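*Asks:* Use the sequences and the hints to build the structure in full.
Count along the sequence shown from 1, then add 1; that gives the number in this note's numbering.
Just so you know, these hints were derived from the structure itself, not from any lab.
Fair warning: this is a prediction, and the values are worked out from it, not measured in the lab.
Each statement offered as a hint is correct.
Distance condition first, Cα-Cα at most 30 Å in a straight line; then the derived DSBU-like pairs of lysine-lysine:
| id | residue 1 | residue 2 |
| --- | --- | --- |
| 1 | Lys39 | Lys112 |
| 2 | Lys118 | Lys84 |
| 3 | Lys174 | Lys164 |
| 4 | Lys38 | Lys84 |
| 5 | Lys38 | Lys112 |
| 6 | Lys166 | Lys118 |
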Amino acid sequence: MDAQFLIEAETLATVLDQLDYYAVLKVPRTASPGEIKKAYYRESRIFHPDRFAAHPSAELREMVGKIYRRVNEAYTVLRDDRKRTRYLSDVSGPERAKKLRFTEAEEAAVKEEARRKVEEQFGQTTNGRRFYASALTEMQGSRWETAARALRSALVYEPQNQKFKEILAQVEKELDRSRPKGEQFKIK
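*Replies:* Set out below in structure tokens:
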């Protein structure tokens, strides 16, 4: 273990919380996926904890472990096009200091939001989804009354579903347009 490595590792561990993932991997923000991968392998070889498992200094082993985890975290984010794009906009924004790390909690929140949107789109309950699917089929066949009934039934199971309400409003407009003028106010 040379003194130069110890100084570099100590310095890196000290400033690790102020570095973005590009700086951790020592690549420019314009780096290609290939460059990111190459940098990851280079840095993970240098700071792999197995290389230091037998080192007598517990402090050095802990420091190297911290750096290695951050290198892996950086690669996990930067290798994924969607995460990399989002991360780049986050660290380029006004709240840079808060967005330097892409945490598991943030990832879970993103997934939960996506799940919630899908559920809202197609329904949260079995019956809500079934009636919604039926309404879509009826709409394709321009059977507006049946579609409206199916959407109202879906709303019985999911009264707060905005998507169902919006589509019901559209169906009711189509229903009004399709009725002959004299029958619009006819009680059925």
